[in-house]
Amino acid sequence: MKRIRVASFFSGAGGLDLGLCPSLFEIVCFSEIDKWAAGVFQYHHKGVPNLGDITKIRPQDVPSHNFFVFGSPCQDLSVSGSRKGIHEGERSGLFHMGVQIIKEKRPSHILWENVEGALSSQKGWDFATVQTELAEIGYDLRWEVLNGKEFGVPQNRTRVFLFGTLREEGSREILLRRSNQPQLNLPFQTSQPEEERCIRKHHLKQNGRILTRFSHTITKVEQPHAVIGERVRRLTPRECERLMSWPDDFTRWGIIDGEVQEMSDRQRYNMIGNGVISNCVRQIVSTLLS
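With numbering that gives the first Met the number 0 applied, the sequence shown corresponds to residues 0 to 289, in that order.
Don't read these hints as lab results, they were simulated from the structure. Treat the hints with caution; some may be incorrect.
[Claimed, not checked] Subject to a maximum C-alpha distance of 20 Å in a straight line, what follows is the list of computed SDA-like cross-link-like pairs (lysine to any residue):
# : residue 1 : residue 2
1 : K34       : V259
2 : K45       : L288
3 : K104      : K219
4 : K34       : Q260
5 : K219      : A127
6 : K83       : K45
7 : K1        : L288
[Claimed, not checked] Listed next, with one range per pair, are the computed distances between beta-carbon atoms:
#  : residue 1 : residue 2 : range
8  : D52       : V144      : 38 to 46 Å
9  : V220      : K102      : 30 to 38 Å
10 : D52       : E261      : 21 to 29 Å
11 : P58       : W124      : 37 to 45 Å
12 : D139      : R265      : 51 to 59 Å
13 : K122      : V220      : 36 to 44 Å
14 : R230      : K34       : 17 to 25 Å
15 : Q99       : R232      : 23 to 31 Å
Since this is a predicted model, take the numbers as computed values, not measurements. Every residue, glycine too, gets a C-beta built ideally from N, C-alpha and C.
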């Protein structure tokens with residue numbers, strides 16, 4: 000079976016791309032401007048060119064591909080961000096650059112991922128713009144809000160996934176198999192049993208004990224904490240990777256200036272907080288291949 004050629008944009012460390020089975024998908028290029036995230040992506044996809052800043056990429060310089068995946072910046076759409084929107088927001092507005100590449104290259108399929116706040120940004124008009132621009136260049140679209148805890152990952156992380164198929168190739172339903180019994184065992188490296196739970200950092204400041212069976216949403220600035228008996232500690236990068244359904248130490252190593260380097264914990268937390276739960280992507284692409 001010929002592999003599906005993938006162009007990955009706003010790639011981060013490659014969490015979304017982890018959902019693409021390498022025996023079925025071939026990543027032909029990626030675009031990421033963060034030095035450390037790009038280094039980790041390059042470490043796992045050696046030889047795949049980084050096209051760099053999307054504002055400087057000409058569509059004709061993007062290799063031919065069948066599948067365009069992108070998680071454009073969320074800062075201007077998120078409820079915890081500026082809420083400037085997709086038109087006025089400098090970062091989230093980069094979505095339009097992705098559309099220009101799609102318009103020129105016309106891949107068979109597209110996948111866009113973003114925060115749930117994209118649905119309500121500018122009273123819903125931003126998400127209407129996303130759908131309209133992609134529909135006008137020839138794509139039939141389906142979208143859903145997915146939560147990681149419904150796909151075997153003990154993290155409460157909701158994200159919007161929009162899947163498109165080139166209209167002339169026929170539309171396709173997305174039938175996702177959510178777990179009726181989600182995996183709620185938190186992935187601690189210790190072996191402590193029932194005492195192990197996650198709480199938000201600000202609850203610690205209030206001397207609270209908010210015990211849950213799954214983690215809250217991991218972000219760049221806030222990681223889950225474990226309550227183990229009377230001891231409280233922040234989860235390690237490895238534990239946070241498990242909450243994203245990523246392999247252990249996925250973000251530990253990167254290629255920086257041609258050399259393999261170990262990433263700092265700070266950089267690893269940043270990459271994980273910006274990442275995508277790969278289990279959700281696996282479910283979506285299984286529909287593409289069915």
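When you take the CB atoms of V220 and K102, is the distance between them in 30 to 38 Å? Taking Cβ atoms as reference, V220 and K102 lie about 35 Å apart, which means the hint holds.
Between D52 and V144, does the beta-carbon spacing fit 38 to 46 Å? 30 Å, violated
Given the proposed pairing of K1 with L288, does the C-alpha separation stay at or below 20 Å? 12 Å, holds
Range first: 21 to 29 Å. Now tell me if the beta carbons of D52 and E261 are that far apart. About 26 Å separates the Cβ atoms of D52 and E261, which means 21 to 29 Å holds.
Do the alpha carbons of K83 and K45 lie within 20 Å of each other, as the hint requires? With Cα atoms ~37 Å apart, K83 and K45 exceed 20 Å; violated.
Verify the proposed pairing of K45 with L288, using a straight-line Cα cut of 20 Å. 25 Å, violated
Okay, R230 versus K34 on CB: inside 17 to 25 Å? Check failed, 35 Å falls outside 17 to 25 Å.
Evaluate the given range 36 to 44 Å for the C-beta pair formed by K122 and V220. Roughly 27 Å apart at Cβ, these two residues miss the hinted range, so it is violated.
Hinted pair K34 and Q260, Cα distance within 20 Å: 12 Å, holds
Do the Cβ positions of D139 and R265 conform to the proposed distance bound of 51 to 59 Å? Roughly 42 Å apart at Cβ, these two residues miss the hinted range, so it is violated.
So the hint says 23 to 31 Å: do the beta-carbon atoms of Q99 and R232 match that? With a Cβ separation near 46 Å, Q99 and R232 fall outside 23 to 31 Å, so the hint is violated.
Need the status of pair K219, A127: alpha-carbon distance at most 20 Å? Violated, because 28 Å separates the two Cα atoms, which is more than 20 Å.
Hints 2, 3, 5, 6, 8, 11, 12, 13, 14, 15 from the list above are not met by this structure, while the remaining hints are.
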